[in-house]
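Using the sequences and the accompanying hints, generate a full structural model.
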Amino acid sequence: AQSVTQPDIHITVSEGASLELRCNYSYGATPYLFWYVQSPGQGLQLLLKYFSGDTLVQGIKGFEAEFKRSQSSFNLRKPSVHWSDAAEYFCAVSSGGSYIPTFGRGTSLIVHP
Amino acid sequence: DGGITQSPKYLFRKEGQNVTLSCEQNLNHDAMYWYRQDPGQGLRLIYYSQIVNDFQKGDIAEGYSVSREKKESFPLTVTSAQKNPTAFYLCASSMDRPLSGNTIYFGEGSWLTVV
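So the protein lines, in turn, are chains G and E. For the first sequence, my numbering gives the first residue as 1, with consecutive numbering after it. For the second sequence, my numbering gives the first residue as 1, with consecutive numbering after it.
Okay, the calculated beta carbon distance ranges per label pair: (1) E/L27 <-> G/S3: 25 to 35 Å; (2) G/Q45 <-> E/Y10: 16 to 26 Å; (3) E/Y10 <-> G/H10: 23 to 33 Å; (4) G/T30 <-> E/L27: 20 to 30 Å; (5) E/A81 <-> G/Q45: 29 to 39 Å; (6) G/T30 <-> E/D30: 15 to 25 Å; (7) E/K14 <-> G/Q42: 22 to 32 Å; (8) E/S67 <-> G/P113: 46 to 56 Å.
Derived pair list, reagent style DSBU-like, types lysine-lysine, alpha-carbon separation capped at 30 Å: (9) E/K9 <-> E/K57; (10) E/K9 <-> G/K49; (11) E/K71 <-> E/K9; (12) E/K57 <-> E/K70; (13) G/K49 <-> G/K61; (14) G/K49 <-> E/K71; (15) G/K61 <-> E/K9; (16) E/K83 <-> E/K9; (17) G/K49 <-> E/K57; (18) G/K49 <-> G/K68; (19) E/K83 <-> E/K57.
The set of hints was computed from the structure by calculation and includes no laboratory data. Glycine included, C-beta positions come from ideal geometry on N, C-alpha and C.
Here it is as structure tokens:
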């Protein structure tokens with residue numbers, strides 16, 4: 001069965017600092033990987049996804065993520081965080097065999113001025 | 001604009017009552033989903049439907065029911081059998097392309113509070 005681990009429940013960064021949110025997955029074959037962002041009381045918005053090809057994926061709002069098969073990871077990065085990036089971030093994985101995504105528990109990003 | 005519309009945004013229910021949450025999409029997506037979100041627990045799948053007049057239980061289907069009579073609509077009923085229904089409910093949809101990835105898109109959510 002596929003699973004996703006987001007080891008950090010909360011991350012605090014200063015505005016303008018770089019950001020990396022961790023995501024590890026468990027699945028034997030090549031997975032489909034996603035990052036979503038959720039503002040308080042809102043639905044989830046897709047930031048980016050990886051299906052195949054280039055392992056460095058660019059998304060919206062200046063985010064990028066890198067698929068590392070050897071580490072079973074799909075970490076989300078941003079070079080300079082803005083206060084508006086404060087939100088909950090979810091990593092998700094799906095596969096051809098179980099195409100419904102499994103979500104991690106989320107990482108709450110706090111941005112200090 | 002295309003999207004997924006959930007209503008109502010906020011709903012209060014007395015114990016013992018059934019309530020229905022609406023979800024409509026105009027994206028022409030085949031598949032629709034209902035998730036429940038509780039603080040610190042991420043998203044848990046309640047029900048999903050790949051095609052009209054067919055749906056499958058997810059991980060936490062007990063106390064919930066759904067119907068899929070139209071492609072664009074997937075209402076969720078929270079029954080009195082659901083022991084702890086207070087939560088944030090998210091509807092989602094996708095084109096259902098499992099062999100080429102299956103990107104799902106979410107509505108804005110509905111808050112249900114039992115009083």
